[in-house]
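Here the protein sequences come in this chain order: A and B. Here the first sequence is numbered in the working numbering, starting from 1 and rising by one per residue. Here the second sequence is numbered in the working numbering, starting from 283 and rising by one per residue.
Worth flagging that the hints you see were computed from the coordinates, not collected in a lab. Note that beta-carbon positions come from the ideal geometry of N, C-alpha and C, so glycine has one too. Heads up, some of the hints might be wrong.
As the list claims (entries may be wrong) - Quick list of the computed label-pair ranges, beta carbon to beta carbon: (1) B/I345 to A/F245: 51 to 57 Å; (2) B/F385 to A/M108: 43 to 49 Å; (3) B/Q341 to A/D121: 27 to 33 Å; (4) A/G110 to B/F385: 55 to 61 Å.
What the hints assert, rightly or not - Think about it this way: if two alpha-carbon atoms lie no more than 25 Å apart in a straight line, the pair counts; the simulated SDA-like pairs of lysine to any residue are: (5) A/K15 to B/A524; (6) B/K408 to A/F21; (7) B/K408 to A/L122; (8) B/K455 to B/F466; (9) A/K170 to A/P200; (10) A/K15 to B/S413; (11) B/K408 to A/L12; (12) B/K404 to B/K289; (13) B/K285 to A/D121; (14) A/K8 to A/K170; (15) B/K352 to B/S413; (16) B/K289 to A/L124; (17) B/K289 to A/V19; (18) B/K612 to B/Y518; (19) B/K349 to A/L122; (20) B/K349 to A/V119; (21) B/K408 to B/V513; (22) B/K404 to B/K285; (23) A/K15 to B/Y518; (24) B/K408 to A/D277; (25) B/K408 to A/R118; (26) B/K289 to A/D121; (27) A/K15 to B/V488; (28) B/K461 to B/V488; (29) B/K349 to A/T96; (30) B/K289 to A/I116; (31) B/K285 to A/R118; (32) B/K289 to A/K15; (33) B/K366 to A/K15; (34) B/K455 to B/L432; (35) A/K8 to B/K289; (36) B/K408 to A/L11; (37) B/K366 to A/G164.
What the hints assert, rightly or not - Computed footprint of chain B on chain A, listed as stretches where at least three residues anywhere in the stretch have a Cβ under 8 Å from a Cβ of chain B: (38) 103-111; (39) 118-127; (40) 144-157.
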Amino acid sequence: MKTLVEFKRYLLRNKLSLVGFLLVNFILLVALFAPWIAPSPKEGRGVENIDHIGFGPGWHHWMGTDILGRDVLSRVIYGARPALLIAICVVLVAATVGTILGLVAGYMGGWIDEVIMRVCDLFLSFPPLLLALVAVSLLGPGLTHAALALVISWWPWYARLVRGQAQSLKSRAFVEVASAMGVGTFTIVRRHIFRNVTTPLIIQAAADLGTVILAAGSLAFIGLGAQPPQSDWGLMVADGRGLVFDQWWVATFPGLAIFITVLGFNLLGDGMRDFLDPRSQK
Amino acid sequence: MLKFVGKRLVSALFVLFGATIITFILSRVIPSDPALAFYGPKATLDQSARLRKEMGLDQSVVIQYFKYLKDMLTGNWGYSISTKQPVLHELMTKVPSTLEMIFVSIIFATLFGILLGIWAAKNAHKLVDGSVRVFSIAAVSLPTFWLGLLFQLFFVGRLHWFPATGEFDTELKFLNPIKHVTGFPIFDALITGNFHAVENGLWHMVLPALTLSLYSLGLISRMIRANLLEVLSQDYIRVARAYGIKERVVLFTLALRNALPPVTTVVGLSAAYLLTGTFFVEDVFNWPGIGKFATTALLNVDYPAIMGITLLGAMGYLTINLIVDIVQAKLDPRVRSE
């Protein structure tokens, strides 16, 4: 693993990655300090304010107000919380499940490998996001169910990635020597296999964070993700879709927040891939 | 080649068979009573018991699965709860509109993706290249549904260039009705010489297709650039340049030919993305296709329709993968001998 100092040096040389890094940190801070930054924390949490319905962007409401008179800026600030939460949870859980199954399949081989990988194939035989959509529809809408549904459709990618790496590592000399010296299976997998798959895992996870935010936003947009009155970006865009010609700000700003956040994660993810795996740089 | 195609076809059928297991499991894990879904909350116990028997829900899971499989094969995909129409019929009438949009999007994304990629590779590490890179990352970061709304806001609300929603103007149905030949509306209009409808349809197609294609455009242009740069650094290109062959020939004939094959994978991948992308685009643009049908079905937990959409989605996805495999084998003999 390379050091943080080297990463800092890399960021300073690659402006796009630096932009991504700064964007992601900015969004993180906004999510963390939402109650202190938001002009109206109460409205940010979804409490309506019927005296302020339909105000355009101006001095008092930088991003205007929505159909229930809530300050859009406050809601956009609060919306960073579910977005980041779902991205981190989904990637973390999917990567953990996928890694464990991938390690077992890749290292054990034989029929265990066969069974795990065929189950993966089944999950991957549907277009991306379709299984998640179906799962959340059957589970019932909501943020937790959306997260669960996204995990269901995401873990096979990690399992496949880790299994491939584990399989090729298994036949490497250092693993065979360890095995010949009588080191236990669990220790080998943990110390010699897992440690060597962390780099591709981190690359994949960094790339997925943005994609998960997009997917969660899409679910919320069609009404299957976060539910009102929660301040969620996808949901807020859906709120504003009927008003797009009259009150453009209601849908525009939350969507912009999704775009900027995903862009930040993608730029950073790209940078991390180039940094951790210089061979991929073209 | 024939043997290769046959082998891939068989394995695709196996995967599809597996996909039916998933859809079957999904259709059985629904906690709610199917009678409740069909007759509404006021279903009597008698009605519920009769329906359960009728649907075979009182038999063992294995028997239920084989019955399900038989139903799928014989085209009995159940009835949609919200429209009370046979699911297969609903899907078949809606597939053509969606396919037309996907087709236009793919063509657009591939064409402009290749052009942008070449342009960036030609000016590697210059301003143009950097801008194309930023554009392609931005394109894959855009929420499709929001982009559609922005297009409506700008091109419809401000500029009045395009119609906001729908597949055709409503009055077209009366003034220039499209004769049903293949079911593909714009294609039918074209072959029956109904050019007014063709023009109207294409006009409605521009914004949704553009919205849908941007993600793929980003992916494809990046892939082309990376591949071309790799090919351009190879010895045979240097030799060609040393011989004084025109740069245009080097780039478009010698380099591009070897940079294109891997792109088929990306085009296939993005076609797969478009399959679910249409859900959101059709929702925003009120396009009467599978996507709109799907989002409605998903929201209403219309599970016979959802099962049908899932199976159809798997079929579409496997078909795309099959086509990619075959095209790649055709372009690259190494794949064939694997």
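Between B/K289 and A/D121, does the CA-CA distance stay at or below 25 Å?
-> Since the Cα atoms of B/K289 and A/D121 sit roughly 17 Å apart, the hinted pair holds (cutoff 25 Å).
B/K285 paired with A/D121 [C-alpha distance capped at 25 Å] | Answer holds: B/K285 to A/D121 is near 23 Å, not above 25 Å.
Coverage of the stretch 103-111 of chain A by chain B (three or more Cβ within 8 Å) | Result for this restraint: violated, n = 0.
For the pair supplied as a hint, B/K366 and A/K15, confirm whether the alpha-carbon distance does not exceed 25 Å.
-> Violated, at about 57 Å.
For the pair we were handed, B/K366 and A/G164, check the Cα-Cα distance against 25 Å.
-> Distance of about 47 Å is beyond 25 Å: violated.
Under the criterion that the straight-line Cα-Cα distance not exceed 25 Å, is the pair B/K289, A/K15 satisfied?
-> Violated, because 48 Å separates the two Cα atoms, which is more than 25 Å.
Is the Cα-Cα distance between B/K349 and A/V119 25 Å or less?
-> Measuring from Cα to Cα gives roughly 23 Å; hence the hint holds.
Sort out whether B/S413 lies within 25 Å of B/K352, counting only the CA atoms.
-> Answer violated: B/K352 to B/S413 is near 54 Å, above 25 Å.
Hint consistency between A/K15 and B/S413 [alpha-carbon to alpha-carbon, up to 25 Å] | This hinted pair holds, its Cα atoms lying about 13 Å apart.
Is the straight-line distance between the alpha-carbon of B/K404 and that of B/K289 25 Å or less?
-> It is violated: about 40 Å lies between the C-alpha atoms, which goes past 25 Å.
For the pair B/F385 and A/M108, does the Cβ-Cβ distance stay inside 43 to 49 Å?
-> Given range 43 to 49 Å: holds, Cβ gap about 45 Å.
Between B/K285 and A/R118, does the CA-CA distance stay at or below 25 Å?
-> holds (24 Å)
In summary, the structure is inconsistent with hints 4, 5, 7, 12, 14, 15, 17, 22, 23, 25, 27, 29, 32, 33, 34, 35, 37, 38 and 40 from the numbered list given earlier, while agreeing with the others.
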